[in-house]
Each structure stands twice: as C-alpha cells, then as structure tokens.
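Per our numbering, the first sequence starts with residue 1, numbered consecutively.
Among the clues, some could well be false.
[Claimed, not checked] Once the Cα atoms are required to be at most 27 Å apart in a straight line, the calculated DSS-like pairs of lysine-lysine come out as: (1) 253 to 309; (2) 223 to 158; (3) 347 to 271; (4) 253 to 312; (5) 271 to 253; (6) 52 to 66; (7) 158 to 253; (8) 214 to 39.
Simulated from the structure, these hints should not be mistaken for laboratory data.
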Amino acid sequence: MHDLRMVREHIDALRAAMRRRGALDALSPTIERAIALDKSRRETIQAVEERKAARNAVTQQVGQKKRGGESADDLQQQSRALGDEIARLDRELAETEGELSALLLELPNITLDQVPAGGEENNSAVRSWGTPREGARVQPHWEVGARLGIIDFERGAKISGSGFIVFRGLGARIVRSLMNLMLDVHTGQHGYEETWVPVVVNRASMIGTAQLPKFEDDMYALKGEDAFLIPTAEVPLTNLYRDEVLPESQLPKSFTAYSPCFRREAGAAGKDTRGLLRVHEFDKVELVRLVTPETSGEQLEILTGHAEKILKLLELPYRVVRLAAGDTGFASAHTYDLETFAPGVGKWLEVSSCSNFSDFQARRANIRYKPTDGGKPRFVHTLNGSGLAFPRVIASILEHHQQEDGSVRVPAALSTYLGAERLV
RNA sequence: GGACAGGUGGCCGAGUGGUUGAAGGCACCGGUCUCGAAAACCGGCAUACCGGUGAACCCGGUAUCGAGAGUUCGAAUCUCUCCCUGUCCGCCA
Numbered sequence: 001m002h003d004l005r006m007v008r009e010h011i012d013a014l015r016a017a018m019r020r021r022g023a024l025d026a027l028s029p030t031i032e033r034a035i036a037l038d039k040s041r042r043e044t045i046q047a048v049e050e051r052k053a054a055r056n057a058v059t060q061q062v063g064q065k066k067r068g069g070e071s072a073d074d075l076q077q078q079s080r081a082l083g084d085e086i087a088r089l090d091r092e093l094a095e096t097e098g099e100l101s102a103l104l105l106e107l108p109n110i111t112l113d114q115v116p117a118g119g120e121e122n123n124s125a126v127r128s129w130g131t132p133r134e135g136a137r138v139q140p141h142w143e144v145g146a147r148l149g150i151i152d153f154e155r156g157a158k159i160s161g162s163g164f165i166v167f168r169g170l171g172a173r174i175v176r177s178l179m180n181l182m183l184d185v186h187t188g189q190h191g192y193e194e195t196w197v198p199v200v201v202n203r204a205s206m207i208g209t210a211q212l213p214k215f216e217d218d219m220y221a222l223k224g225e226d227a228f229l230i231p232t233a234e235v236p237l238t239n240l241y242r243d244e245v246l247p248e249s250q251l252p253k254s255f256t257a258y259s260p261c262f263r264r265e266a267g268a269a270g271k272d273t274r275g276l277l278r279v280h281e282f283d284k285v286e287l288v289r290l291v292t293p294e295t296s297g298e299q300l301e302i303l304t305g306h307a308e309k310i311l312k313l314l315e316l317p318y319r320v321v322r323l324a325a326g327d328t329g330f331a332s333a334h335t336y337d338l339e340t341f342a343p344g345v346g347k348w349l350e351v352s353s354c355s356n357f358s359d360f361q362a363r364r365a366n367i368r369y370k371p372t373d374g375g376k377p378r379f380v381h382t383l384n385g386s387g388l389a390f391p392r393v394i395a396s397i398l399e400h401h402q403q404e405d406g407s408v409r410v411p412a413a414l415s416t417y418l419g420a421e422r423l424v
C-alpha cells in the first residue's frame, strides 16, 4: 500500500513506476480516481470537523446550564441539528475513505531503480552456478518417481484431487530430510530464528502481506470462517510483528519456518500439469527478514545468498534472475528468482523468489521500529524468499542427479539426513 | 460448545453520563543537588488526520479508553453485536 501523501505529492513518480510495470494504462483510472477522492475527502473532513467543534462548544454550554439548574432547550436543539449534519457528513466521509483505501490496496509497489522496465523478456540472469546438464537421455522426474516408487501421483489425485502428491518410502523421507537440511543450515549458519507457525491465518494477515484483496481467488478459504490456508509461510512470519513497534536494536530480525503451502492456481489451469512442477499443496522452508529501510538493498543480497547456499549444497546448477518490473510481484520492489535446471523436462525451474518489499507490506501490516536516536517510529522494510520450495527441488534432483542406470545419486549434504546415497 | 470475569496511555492502575486525552505510580528524558553516582526535589513525556502558502518548529481543530453499531444535547462511563484474554465445566488429537 502506498502512503496517501506520497500519491498526492509524487503522482508523476507513481505513474512512471506503473508504466515500468506496463500497467499504467490499466491503473491510470485508479490513480485519477484516488486523487479525486483524496481531494473530496479532505474537503469533507474540514466540513465535518468544523461542525464537530461547534457541537462540542454547544454541549459544553448545555452542561454548564444544567448544572446551574437552568433549562437549555434551545442549545440542545442547536446541537441536535449539528448532530444530524455531522452524521450525514460522516457517512459521506466513510464512503469516500472506503473507496479510496480499496483503490490504494490495488496499486502495486514501486520497483527500485536497478529493476529494468518492461515484462518477462527483460528479465536478466545476474549470475549462475554450475553447469546445466544435457538432457537427451534423462527421464523426466514423474517417470523416475513412479519407477522408484517414491512418488504416487494417482493416489494423491484419488484422495485429494489433481495437483496433490503422495510421497512414499524414501520419497517421504526426502521431504523430511530437505526440511531438516534447510532449517539446520538457515538456523545454524545463517542466524535465522526457527519458528513453527499456523497454516491457517485470518484476513488481516492476508491483507498485511498483500495476498488480499487482489488474489483471493488463488487462496483456499475456510468455510464458515474468515480464514485462509497460507500460500506461503511468508504470511504468518511477516505478520508476527503486525501492529507492533520494534526497538531498532532488534533489527534485523530474521525468521525461518517450514510449512506446507496451499495454492488454488486458479489462473494457471492446464499449465505445467505433469509431475511436481505446479501443485496445489507443497512444502517449503521460508526466510523472512525485517530490516531498516537503509539496509534493505544489501539485505536482499544476503537473503538471496542464503537461498543459493541450499542449491549449492544440493549440487544443483542454478541461475539468479533479476525480474523486470512487469514480472515483479505485486508487492515487491525488487525480486531475484532462483532457477535450477531440470534436464528431464528441459526447463529452468523457479525454486525460490527472493524479494525486497520495501515498506509496502510494513505499511499494510503496520510494522514499525523505533529508531535508536529517539526519532518517531518508522516502517520497517520486509524481505522474504523461499529457501527453498521442495517439489521442484526434488524434480531437479531426480533429473540432474540421474545416473546412466536410472538410479539417482543423492548429494552428500542430503544423504546425511536421508541415510541413503542412491535411490534405486 | 457452556458459565462467569475482564479488555483504559510503553507498563501497572483509577475512573459508571458533562472543562477526562484521561488521576496516581513505574519506566524514560531534561534539570537542581553531588567530586561523581544514588536518593530527593522540579519539569517534560501518546498517536493519527485536517488546517494555518512547501519543509522544520510552532499554533488551531478533530478523532482515538479492544472493534463496530446504537441511546443521548453530550459516552471511557448506558445498550447491542463481534473479537480477544483469564478462570471453571464439557468435549477432543
């Protein structure tokens, strides 16, 4: 969400930012309407506050007269009349502010200077690690998984529906091992606080991290309650300090959590339907950081490095892609996608998306910090990234580490947890 | 799920219709005192929004006592709904 004053005073910058996202045409009416509403909002505020001040003066006189035993019928009459006007203006104001804040929630974040304008075609790899493997003789992961008996797609679909997976035997154990590996590295080497959070959250939390109101169709909503299954642990983790003020000395705060993630993928029907590439429920270890505004740029580099570390440990070649403005998520100001190559499907798979949200989420969620120098509370900057998402990592492992004989080599960092060096 | 009891400023806590944004205390900041510190004493100490030509400061106004709605000339105080917390009972992994 944007600061109303910023919208008012830097409207050109806002328009330019929307243009870089390729969304100016679509959002221009929203911006114009917001500006108009802001103007009428302030006019109404002035009108209503003037009357409130008048009424306050009158009712005080009523009080004095009554205490003196006098009647105050005329004053009461006057106050009642003012009250009627106030009620009318208050309704008008509520209506205006309701529409205005709804509009503000629809505007995406402003991307940072280093983010190129335009869409996906302007994404650029900023670095890469390892060598993507030639894939002609590599079996896709869904065939490997079925052949080894570690992934049961059919029964997942039977018990839950398409896009739900059952891992079995060593497959299930791989999930548990990935969870332990990632949490151990992020807590032990990267200094994150390990957390275990609810996967059901309320509407306020979903608005705080900007899944709502725009993406409600992609969320699993609980029947009979205003609550949702999380699409990522980003939601509970970032909202931990919603409506709180942290001492600056506690920043940066960093949290990691394993959680299942639930996504309806409403807009993606028919895309990546095979295998593990796009499922409705998956597992992930998430990284979240709350930092001071001055440091969020460097903090994104740090966080991205933490996610990369896992790919290195799993010996999976990857590239780091800086997303162009039009491909950058709604709430993000700067995003790096981590993509690992899966030779069996012949695709780069996004296994992590590391973002700096600047103060966009902090403003919505009202997460602030008190500066050490004694200044007024300011909004923190929030960041998060997957570290990493399991299914595509598993797909990549099954394909990249596939051997000539069809078995799969387990990288050393993982085999410690798995208790097996090969999947046969 | 049922029955009670509660939700007031950073914290504790007073306040049941009218100069209450809110007593008192703690914490915090400044000062006096002291060689210095402690104690004592004095003073300060909420946030948001609107306006006063932009910013800083300042000034005026409005709102805020869990949230929302209502009664009233006037609500922290009365009524209703909801949320949350505590205690007891029931149920349950």
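Hint check:
no. : hint       : verdict
1   : 253 to 309 : holds, 20 Å
2   : 223 to 158 : holds, 22 Å
3   : 347 to 271 : holds, 13 Å
4   : 253 to 312 : holds, 25 Å
5   : 271 to 253 : violated, 37 Å
6   : 52 to 66   : holds, 21 Å
7   : 158 to 253 : violated, 42 Å
8   : 214 to 39  : holds, 25 Å
Checked against the numbered hints given earlier, this structure breaks hints 5, 7; the rest are met.
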